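Which chain is which? The protein sequence lines are A and B, in order.
9 is the number of the first residue of the first sequence in my numbering; add one for each residue after it.
321 is the number of the first residue of the second sequence in my numbering; add one for each residue after it.
In case anyone wonders, no lab produced these hints; they're calculated from the structure.
Values in this document were obtained by computation on a predicted structure and should not be read as measured data.
Mixed in with the good hints, there may be bad ones.
[Stated by the list, open to error] Pair by pair, the computed Cβ-Cβ distance ranges are:
1. B:Glu405 - A:Thr149: 54 to 60 Å
2. B:Ala496 - A:Arg183: 56 to 62 Å
3. B:Trp329 - A:Phe73: 51 to 57 Å
4. B:Leu530 - A:Gly261: 33 to 39 Å
5. A:Leu194 - B:Arg432: 45 to 51 Å
[Unchecked claim] Okay, derived cross-link-like pairs now, BS3-like style, lysine-lysine, Cα gap no bigger than 30 Å in a straight line:
6. B:Lys360 - A:Lys180
7. A:Lys86 - A:Lys61
8. B:Lys454 - A:Lys229
9. B:Lys671 - A:Lys229
10. B:Lys671 - A:Lys180
11. B:Lys360 - A:Lys229
12. B:Lys423 - B:Lys552
13. A:Lys63 - A:Lys86
14. B:Lys477 - B:Lys454
15. A:Lys180 - B:Lys366
16. B:Lys360 - B:Lys671
17. B:Lys436 - B:Lys552
18. B:Lys552 - B:Lys454
19. B:Lys436 - B:Lys423
20. B:Lys477 - B:Lys436
21. B:Lys454 - B:Lys436
Virtual Cβ for every residue (Gly too), placed ideally from N, Cα, C.
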Amino acid sequence: MSAWFFRRCLYAIPILIGVNLLTFVLFFVVNTPDDMARMQLGVKRVTPEAIQKWKAERGYDLPYFWNGDAQGHQVISKTIFFQKSVRMFVGDFGRGEDGRDILREISNRMGPSLAIALPTFILGLLVTIVCALTLAFFRATSLDFWGVVLCVGMMSISALFYIIGGQYLVSKTLRLVPISGYSETLDAWRFLVLPVVIGVISGLGASTRWYRTIFLEEVGKDYVRTARAKGLPETVVFYRHVLRNAMIPILTGVVVVIPSLFMGSLLTESFFGIPGLGSYTIDAIHAQDFAVVRSMVFIGSVLYIVGLILTDLSYTLVDPRIRL
Amino acid sequence: MNFQIVLLWSDALLWLLLVSVLGFAGLVLRSEPLRAAWGKIGASRKGMAAATLLVVFVLIALLDSLHYRPRLPDMAEGRPVYGVEVYSLLDVVLTQARTRLEKTYSAPFATRLYAKENIEQADGRRVRDYPRLKHGGTHLGDAEDGVAADAFVTALKGWALALALWILLAAALTAALAWRRGMTVRDSWRPPWRCRDGLAWDAVLWTLALILLLAVPLALLSADYHVFGTDKVGQSVLYQVLKSVRTALVIGLVPTLVTLPLALLFGLLAGYFGGWLDDVIQYLYTVLSSIPGVLLIAAAVLMIQVVIDTHPDWFASAVERADLRLLALCFILGLTSWTGLCRLLRGEAMKLRELDYVQAARAFGVGHTGILTRHVLPNVMHIVIISVVMGFSSLVLSEAVLSYVGVGVDPNMTSFGTMINNARLELGREPVVWWSLLAAMASMFILVLAANLFADVVRDAFDPRTV
Chain A
9 MSAWFFRRCL YAIPILIGVN LLTFVLFFVV NTPDDMARMQ LGVKRVTPEA IQKWKAERGY
69 DLPYFWNGDA QGHQVISKTI FFQKSVRMFV GDFGRGEDGR DILREISNRM GPSLAIALPT
129 FILGLLVTIV CALTLAFFRA TSLDFWGVVL CVGMMSISAL FYIIGGQYLV SKTLRLVPIS
189 GYSETLDAWR FLVLPVVIGV ISGLGASTRW YRTIFLEEVG KDYVRTARAK GLPETVVFYR
249 HVLRNAMIPI LTGVVVVIPS LFMGSLLTES FFGIPGLGSY TIDAIHAQDF AVVRSMVFIG
309 SVLYIVGLIL TDLSYTLVDP RIRL
Chain B
321 MNFQIVLLWS DALLWLLLVS VLGFAGLVLR SEPLRAAWGK IGASRKGMAA ATLLVVFVLI
381 ALLDSLHYRP RLPDMAEGRP VYGVEVYSLL DVVLTQARTR LEKTYSAPFA TRLYAKENIE
441 QADGRRVRDY PRLKHGGTHL GDAEDGVAAD AFVTALKGWA LALALWILLA AALTAALAWR
501 RGMTVRDSWR PPWRCRDGLA WDAVLWTLAL ILLLAVPLAL LSADYHVFGT DKVGQSVLYQ
561 VLKSVRTALV IGLVPTLVTL PLALLFGLLA GYFGGWLDDV IQYLYTVLSS IPGVLLIAAA
621 VLMIQVVIDT HPDWFASAVE RADLRLLALC FILGLTSWTG LCRLLRGEAM KLRELDYVQA
681 ARAFGVGHTG ILTRHVLPNV MHIVIISVVM GFSSLVLSEA VLSYVGVGVD PNMTSFGTMI
741 NNARLELGRE PVVWWSLLAA MASMFILVLA ANLFADVVRD AFDPRTV
């Protein structure tokens with residue numbers, strides 16, 4: 009088990025290197041630092057000196073891979089690739105355009121992101137499973153039919169509409185909770201309720217339908233028929249047998265997103281003014297802060313790979329047939 | 321010539337897609353098993369209703385994909401001069417809605433502007449009031465209370481016209497079907513157009529009825545009013561909604577042109593050959609898919625924007641620049657979304673490789689290329705079709721989100737995303753400017769709903785797992 013885990017983590021390294029190279033190519037080769045400087049300083053009327061200054065301030069005035077002017081190991085380490093890309097592996101992300109340390113920002117903003125993402129995730133999972141189970145229990149009835157119709161309708165609505173509509177209805181018209189904002193104290197629940205509820209609702213349609221098909225696939229299997237044949241009531245068949253077996257594909261599909269919860273949600277956070285990583289990313293994109301976007305890309309893929317490893321682990325936990 | 325034809329890249333790709341879909345349809349008609357599978361979709365009333373709606377959207381988009389530059393009134397004899405503005409055929413059809421600009425916001429069916437202004441009256445006094453619209457409800461003169469009655473009468477006329485049109489259409493369709501089956505018209509009428517040839521024509525007719533009942537009154541009313549109101553610069557929201565359809569369809573369809581070749585090539589090669597090729601391809605798509613989608617798209621679009629901004633001399637007009645950004649967005653969306661399909665195809669190709677008929681083909685000495693194109697490819701097509709159809713709606717939805725994030729289409733290009741994004745900022749106003757937002761959301765909902773329903777039917781027809 010631990011040997012497997014170790015090997016699995018080793019496999020992750022080449023993938024991370026790949027991600028790192030890809031982001032390097034995207035951010036430095038497709039566009040040279042000169043282009044970025046011109047973009048930041050305004051395309052017109054920019055002097056070469058200003059560009060040089062901008063690059064020097066951010067350490068972009070080095071060569072890409074090989075610094076021929078330097079001595080010793082600095083030949084490699086005094087380059088953009090080493091300074092900007094390789095050092096991300098040890099958590100050194102440098103500074104954003106506003107001069108703040110990116111790593112510090114990230115650790116500060118993780119809390120608010122999780123405060124939204126975790127309840128949304130757990131509540132969403134529970135509600136979805138209950139809905140899907142109900143639909144599957146009443147399969148081939150009109151409840152099931154209209155339930156699926158509702159699901160398709162719900163998944164055809166843009167997430168933006170749920171957020172804007174929810175904010176308008178609950179906060180502006182009914183004035184139940186504040187429109188946006190965040191607080192560090194326990195008082196924060198007033199700000200969190202609406203985004204969490206909206207987050208659950210906006211994901212409900214698609215995932216309910218998806219889980220329903222998983223349940224239905226499970227219902228058609230032989231062991232369910234056997235359970236019925238030996239006289240078990242339908243509810244026991246459902247909650248004891250079908251639910252537990254269907255949890256295998258559901259759980260393993262869900263585990264992969266758990267680490268990514270740290271990243272927060274771009275839309276929800278920026279609409280509700282929550283100072284998490286999602287709104288940090290959006291602000292960076294709006295301000296064209298390449299250093300921050302690059303760091304978030306890297307962190308996002310690290311978390312995804314952690315999710316993949318956790319998924320493989322969770323297989324062994326929920327399904328005793330699988331041995332690593 | 322009074323105009324100069326402009327072929328934008330996205331136009332060309334859209335028409336290319338149309339041609340290839342028609343070509344594929346020809347292929348389907350000639351092959352018996354394919355015809356059976358697509359026949360299932362034709363027999364489904366849900367599928368036909370959704371398809372009818374989609375065809376209407378596609379027609380609007382195609383009309384909007386024939387661009388030209390009008391010739392300017394000549395300064396001198398000799399070489400003609402063409403304007404910088406690029407118009408499409410849809411713009412010509414909607415000339416009225418396009419050119420009748422107001423000053424700023426006005427509500428649907430309003431006769432007065434949303435914001436107060438200083439108005440100079442005939443006797444020279446200045447009053448602060450809502451000014452009359454220049455084009456909304458002007459035919460009513462001073463009888464501004466009569467809007468509801470007038471609109472109702474016009475709508476009634478529209479419904480009557482729509483009904484007449486629909487009866488005409490239904491009769492023509494029935495006659496055509498009867499002629500094709502060699503029946504008398506009366507025979508075919510009796511079981512009301514029900515699936516004699518296995519196609520759900522009744523669903524098509526009902527959907528057409530709905531569309532006509534909605535569209536004809538809208539068209540009549542928009543001659544006198546701004547039916548969906550006007551936006552910040554006073555442009556008709558109805559016009560913007562119709563223009564957005566093309567952007568949505570381009571975003572939903574063109575990425576497949578990138579996705580399909582990549583996914584098919586890599587997926588089949590990896591699954592069929594295995595070995596180091598499989599390892600390399602698996603590595604490639606794991607790297608790509610481990611980067612969070614929105615971030616990768618955002619990073620790539622930011623980079624493209626830098627290229628566009630630093631090379632202003634590449635583009636002859638603003639439309640061309642916006643078009644290139646749209647195209648780049650499609651390209652990026654395609655590049656980031658081929659991994660899922662590739663993984664599915666790889667799995668399927670691995671399964672097929674071991675099947676008896678492929679082994680037999682190999683034993684007969686058929687080459688790898690032959691096996692891949694003649695034996696493997698046709699048997700994974702159902703996966704491809706399902707994933708393309710299902711991907712469409714999520715692409716359309718993602719456009720709005722990306723536009724909000726700031727990495728969507730060019731801000732000057734009309735799309736559902738930019739409409740929502742512009743309207744969002746006005747929700748804080750009192751009274752609320754809701755029409756622009758609601759119109760964009762509702763039309764996007766209809767488009768995506770139709771696509772989702774169609775995708776459902778396609779999956780039921782092609783997925784061997786569904787019973």
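Here is what the structure says about each hint:
1. Remark: the range hint 54 to 60 Å for B:Glu405 to A:Thr149 is upheld by a beta-carbon distance near 57 Å.
2. Distance hint for B:Ala496 and A:Arg183: a CB-CB separation of about 59 Å, consistent with the stated range 56 to 62 Å.
3. In this structure, B:Trp329 and A:Phe73 break the distance hint of 51 to 57 Å, their C-beta atoms being roughly 35 Å apart.
4. Distance hint check for B:Leu530 and A:Gly261: the Cβ-Cβ separation is about 38 Å, which falls inside the suggested range of 33 to 39 Å.
5. Between A:Leu194 and B:Arg432 the beta carbon distance is about 49 Å. The supplied range of 45 to 51 Å therefore holds.
6. For the suggested pair B:Lys360 and A:Lys180, the alpha carbons sit about 48 Å apart, so the restraint of at most 30 Å is broken.
7. Annotation: proposed proximity of A:Lys86 to A:Lys61 holds, straight-line Cα distance about 18 Å (limit 30 Å).
8. For a cut-off of 30 Å, the pair hint linking B:Lys454 to A:Lys229 is broken: about 68 Å separates their Cα positions.
9. Between B:Lys671 and A:Lys229 the CA atoms are separated by roughly 23 Å; this keeps the pair inside 30 Å, and the hint holds.
10. Among the hinted pairs, B:Lys671 with A:Lys180 is inconsistent with the structure: their alpha-carbon atoms are about 56 Å apart, more than 30 Å.
11. Our distance criterion of 30 Å between C-alpha atoms is met by B:Lys360 and A:Lys229, whose separation comes to about 26 Å.
12. Between B:Lys423 and B:Lys552 the CA atoms are separated by roughly 8 Å; this keeps the pair inside 30 Å, and the hint holds.
13. At roughly 14 Å between alpha-carbon atoms, A:Lys63 and A:Lys86 fall within 30 Å of each other, so this suggested pair holds.
14. Taking the CA atoms of B:Lys477 and B:Lys454, the gap is near 24 Å; set against the 30 Å cutoff, the hint holds.
15. Taking the CA atoms of A:Lys180 and B:Lys366, the gap is about 38 Å. The hint is violated against a cut of 30 Å.
16. Under the criterion of a C-alpha separation no larger than 30 Å, the hint pairing B:Lys360 with B:Lys671 is consistent with the structure, at around 26 Å.
17. Among the hinted pairs, B:Lys436 with B:Lys552 is consistent with the structure: their alpha-carbon atoms are about 14 Å apart, no more than 30 Å.
18. A hinted pair counts as satisfied when its Cα atoms are at most 30 Å apart, and B:Lys552 with B:Lys454 qualifies at roughly 15 Å.
19. For the proposed pair B:Lys436 and B:Lys423, the alpha carbon gap of about 11 Å is at most 30 Å, so the pair holds.
20. Note on B:Lys477 and B:Lys436: the hinted pairing is violated, with a Cα-Cα distance of about 34 Å set against a maximum of 30 Å.
21. Pair hint B:Lys454 plus B:Lys436 holds up; C-alpha atoms about 15 Å apart against a cutoff of 30 Å.
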